[in-house]
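Asks: Use these hints to put chain U onto chain Z, whose structure you have.
Residue numbers (my numbering), protein chains in the order written: chain Z, 1 to 520; chain U, 1001 to 1349.
It should be emphasised that the hints constitute simulated quantities derived from the structure, not laboratory data.
Predicted model only: the values in this text are computed from it and were never measured.
Do not take every clue at face value.
Claimed, not checked - Going by beta-carbon spacing under 10 angstroms, a handful of chain Z positions derived as facing chain U:
#: 1; residue: 62
#: 2; residue: 111
#: 3; residue: 112
#: 4; residue: 196
#: 5; residue: 344
#: 6; residue: 357
#: 7; residue: 370
Said to hold, decoys possible - Taking lysine-lysine pairs in the DSS-like style, the calculated list, with each CA pair at most 27 angstroms apart, reads:
#: 8; chain 1: Z; residue 1: 325; chain 2: U; residue 2: 1156
#: 9; chain 1: Z; residue 1: 310; chain 2: U; residue 2: 1208
#: 10; chain 1: U; residue 1: 1156; chain 2: U; residue 2: 1167
#: 11; chain 1: U; residue 1: 1156; chain 2: Z; residue 2: 328
#: 12; chain 1: Z; residue 1: 364; chain 2: Z; residue 2: 383
#: 13; chain 1: Z; residue 1: 343; chain 2: Z; residue 2: 382
#: 14; chain 1: U; residue 1: 1167; chain 2: Z; residue 2: 328
#: 15; chain 1: Z; residue 1: 383; chain 2: Z; residue 2: 319
#: 16; chain 1: Z; residue 1: 343; chain 2: U; residue 2: 1131
#: 17; chain 1: Z; residue 1: 368; chain 2: Z; residue 2: 380
#: 18; chain 1: U; residue 1: 1226; chain 2: Z; residue 2: 310
All C-beta atoms in this analysis are idealised placements derived from N, C-alpha and C, irrespective of residue type, glycine included.
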Amino acid sequence: MEYVVEMLNIRKEFGNFVANDNITLQLKKGEIHALLGENGAGKSTLMNVLFGLYQPEGGEIRVRGKKVDITNPNIANDLGIGMVHQHFMLVENFSVTENIILGSEPTKYGVTNKKDAADRVKALSEQYGLNVDPYEIIEDISVGMQQRVEILKTLYRGAEILIFDEPTASLTPQEIIELVQIMRRLTAEGKSIILITHKLKEIMDVSDRVTVIRKGQGIGTVVTAETNPNELASLMVGRQVEFKTVKGPSFPKEEVLDIRNLVVEDYRGVAKVKNLNLNVRKGEIVGIAGIDGNGQTELIEAITGLRKVKSGTIFINEKDVTGLKPRKVTEAGVGHIPQDRHKHGLVLDFPIGHNIALQTYYSKPITKNGIIDYDKINEKAKKIIADFDVRTQGPHELARSLSGGNQQKAIIGREVDRDPDLLIAALPTRGLDVGAIEFIHSRLIEQRDNGKAVLLISFELDEVMNVSDRIAVIHDGEIVDIVTPESTTEQELGLLMAGHHTRDETNEGIKKEGEDQHVE
Amino acid sequence: MSNRVTNILVPLISVILGLLVGAVIMLISGYNPITGYTALWNGIFGDLYTIGETLRQITPYILAGLAVAFAFRAGLFNIGVEGQLIVGWFAAAYVGIAVELPKIIHLPLAILAAAAAGALWGFVPGLLKAKFHVHEVIVTIMMNYIALHVTNALIKTVSGGGDRTEKIFTSASLRSEFFQNLTEFSRLHYGLLIALAMVGVMWIILEKTTLGYELKAVGFNHNASKYAGMNVNRNIILAMVISGAFAGLAGAMEALGTFEYVSSKGGFTGIGFDGIAVALLGMNTPLGVIFGATLFGSLKYGALNMPSEAKIPLEIVEIVIAVIIFFVASGYIIRLLLLRAANKKKEAK
Chain Z
1 MEYVVEMLNI
11 RKEFGNFVAN
21 DNITLQLKKG
31 EIHALLGENG
41 AGKSTLMNVL
51 FGLYQPEGGE
61 IRVRGKKVDI
71 TNPNIANDLG
81 IGMVHQHFML
91 VENFSVTENI
101 ILGSEPTKYG
111 VTNKKDAADR
121 VKALSEQYGL
131 NVDPYEIIED
141 ISVGMQQRVE
151 ILKTLYRGAE
161 ILIFDEPTAS
171 LTPQEIIELV
181 QIMRRLTAEG
191 KSIILITHKL
201 KEIMDVSDRV
211 TVIRKGQGIG
221 TVVTAETNPN
231 ELASLMVGRQ
241 VEFKTVKGPS
251 FPKEEVLDIR
261 NLVVEDYRGV
271 AKVKNLNLNV
281 RKGEIVGIAG
291 IDGNGQTELI
301 EAITGLRKVK
311 SGTIFINEKD
321 VTGLKPRKVT
331 EAGVGHIPQD
341 RHKHGLVLDF
351 PIGHNIALQT
361 YYSKPITKNG
371 IIDYDKINEK
381 AKKIIADFDV
391 RTQGPHELAR
401 SLSGGNQQKA
411 IIGREVDRDP
421 DLLIAALPTR
431 GLDVGAIEFI
441 HSRLIEQRDN
451 GKAVLLISFE
461 LDEVMNVSDR
471 IAVIHDGEIV
481 DIVTPESTTE
491 QELGLLMAGH
501 HTRDETNEGI
511 KKEGEDQHVE
Chain U
1001 MSNRVTNILV
1011 PLISVILGLL
1021 VGAVIMLISG
1031 YNPITGYTAL
1041 WNGIFGDLYT
1051 IGETLRQITP
1061 YILAGLAVAF
1071 AFRAGLFNIG
1081 VEGQLIVGWF
1091 AAAYVGIAVE
1101 LPKIIHLPLA
1111 ILAAAAAGAL
1121 WGFVPGLLKA
1131 KFHVHEVIVT
1141 IMMNYIALHV
1151 TNALIKTVSG
1161 GGDRTEKIFT
1171 SASLRSEFFQ
1181 NLTEFSRLHY
1191 GLLIALAMVG
1201 VMWIILEKTT
1211 LGYELKAVGF
1221 NHNASKYAGM
1231 NVNRNIILAM
1241 VISGAFAGLA
1251 GAMEALGTFE
1261 YVSSKGGFTG
1271 IGFDGIAVAL
1281 LGMNTPLGVI
1291 FGATLFGSLK
1301 YGALNMPSEA
1311 KIPLEIVEIV
1321 IAVIIFFVAS
1331 GYIIRLLLLR
1341 AANKKKEAK
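The shape of chain Z in the complex, shown without the other chains (with noise of 0.2 angstroms):
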């Protein structure tokens, strides 16, 4: 079997630090490699040597057989390595084709030639089902669109060879399904793709081989069938890991939260939550399962205080705290572990230490009279970094520097470190690796058999079945089903998420939905 790139025995350092140690990667024609690795395994550096960002060191690449130089992007261009970023590099306002053809807009006397262009992206789309219109503009489209588009933009390019980077990091469960058979439909046709992720589910059903990296260092590469998701894991973290979340039953006590009608609208006066009832007991786990976009950040921000509630009331420990500033809401016993950790959960140009603080800074013993005082900070940062495996430097550590998995765990150990009688976990182990997204749940887990409340939102199903002790499904901003996971399967579950109210329809559900699949 030829093999049409080969990375071998490839080395890269950065000052001190070698990122990449002695790594091979060998891709065959017309296969998915995927590439697996914890986060800040080294993954993206030694893609960004294949595709010219980086020089390594050590080590050669060869495509199609001949030992090459990609000293930069454009000669892994010539070659037919064309990568689809995680974060996708469109200009919003332009239209697909604009942004396909940005940097080598074709010209007809002078003027640029779009006509032929989007004829171009037309025909690609059809060739891999793509399903883009080349006219449409960037802004209204959807994520998964979006990365069509960036795949249609490597294909435009003559790609042979695609990097796929975290694919799946930011799409829905449905366009997950769409991506994987466009994978499938592209490796037909002859491409060679190689696969960045962390996320096993995805080798298992797509990969036709897997190259692990731990910590930099090569360890080895399997074939796809012939391993499981256990071996896997341990090769990739070097230990074992269990999977299925370790939990006793659960004894649930008094409310909580109580949420009775509640209804919030967005910033256009549009309902996203609508007439809502839920509530959540000590000693429980309640797992929101719903597809992105269903009312799940309004429900969130509106429990918390951060949005307006048009009606209803919100109840916590029988205390109403519906309107009540975020301030208050946090002192009535919720901790929030937001959904954007970015956005909401982190001062990025804040010490780690100042952020673990974020919430308390105000109060005794940290400030007093007016003065706050960092060694208290320090202190309790220290602690919460030790208790929660936060891998960093110390308490000045920029909050920015570390990486998305520890972020998490100083958030998760702030929150937690307050002892909340409600705790809200939005998303928690978005972009995480396993070991990861393991301890996070045991996390919420003890949580709970510690008597606390946890309310947990998830668009990952596993996550929901895994570790909620009730699942409330949430469909266009009302909770459609309350099941237990003993008594649901995933399947059950996606088609409530997708607004099919009865069981009995079941059956009928499934073959639509396949149906709609062969359609699109």
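Replies: Relative to chain Z, chain U alone:
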């Protein structure tokens, strides 16, 4: 190369480069750079009198720089320091003229009036920003014009149609016999001590108080501050008020120290605008502002000696001064070049 060495080397190289380019400009224009720079040196450090005057010039720059830096730290761009300074100047002078009181009451009262006037001038843009999301840059620029013309009109009224008020009572003056004796009767006044004290005040607010923690958090990230339960609007207004108060104090320096009166102005004093550069040169830290103000104040005052002593026209002098400041502000580029040189060395090894 250690961090400390770079930190000393960078400003040093910047100043030297600035001086070199300035020298080239003088040469091209047909003037001797050595006599030019000698005149500049003498204009700054020539004798005790000039040293005193240089220090006097630095004083309002420190306060204007603090005003800009403080707002910056809270994420606000206060271009209104100029206007806040002008109303502070007028308020201090007015209190100094209108009443005669024992010094222990009169002087603090006049100083406070300046701070309050500046604070009020900062409050308006702060309020508009917090409540209606009007950008503070627009409002503060407009407030500068309002300050200029309102004070000019008030000066006319107070002075009975004249262009300047009478002198303030000595009970409101910052003039210092001690400093004057020390510096051969320069106009150096106690305001320098106030300015230095304010450097300490700003440091304490930012680094030691809960308020400072909130202001910085709001400056970095509104969303996270809201999430943490801070009152973002209140912090925006407070930041502008405190910034305005510093600027008002800069006005008090002119009213109670340097001039002891207020005269109507054809245009802006420029101190407030230079305060932006002072703050940025000092990287918006209180101690950095002292450095920035010293550089600005010295060059501005010393340059006055270049036309008279070295016969270099004022226009050329201003270009040379601007070039020097430009190079100091470009410290980042020099830092980058140093780093690259250091890396090359390492590779060569």
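Asks: Now, for every hint given, state plainly whether the structure supports it.
Replies: Verification of the supplied hints:
1. 62: violated (27 angstroms)
2. 111: violated (38 angstroms)
3. 112: violated (35 angstroms)
4. 196: Violated - the Cβ of residue 196/Z stays beyond 10 angstroms from chain U, reaching only about 29 angstroms at its closest.
5. 344: holds (4 angstroms)
6. 357: Holds - the Cβ of residue 357/Z comes within 10 angstroms of chain U, reaching about 8 angstroms at its closest.
7. 370: Cβ of residue 370/Z sits 5 angstroms from chain U, so the hint holds.
8. 325/Z - 1156/U: violated (49 angstroms)
9. 310/Z - 1208/U: violated (40 angstroms)
10. 1156/U - 1167/U: Holds: residue 1156/U and residue 1167/U sit about 15 angstroms apart, inside 27 angstroms.
11. 1156/U - 328/Z: violated (53 angstroms)
12. 364/Z - 383/Z: Holds, at roughly 17 angstroms.
13. 343/Z - 382/Z: holds (24 angstroms)
14. 1167/U - 328/Z: With Cα atoms ~54 angstroms apart, residue 1167/U and residue 328/Z exceed 27 angstroms; violated.
15. 383/Z - 319/Z: Violated, at about 32 angstroms.
16. 343/Z - 1131/U: Distance ~22 angstroms between residue 343/Z and residue 1131/U Cα, so the pair holds.
17. 368/Z - 380/Z: OK: residue 368/Z and residue 380/Z at ~16 angstroms, within 27 angstroms.
18. 1226/U - 310/Z: Holds, at roughly 20 angstroms.
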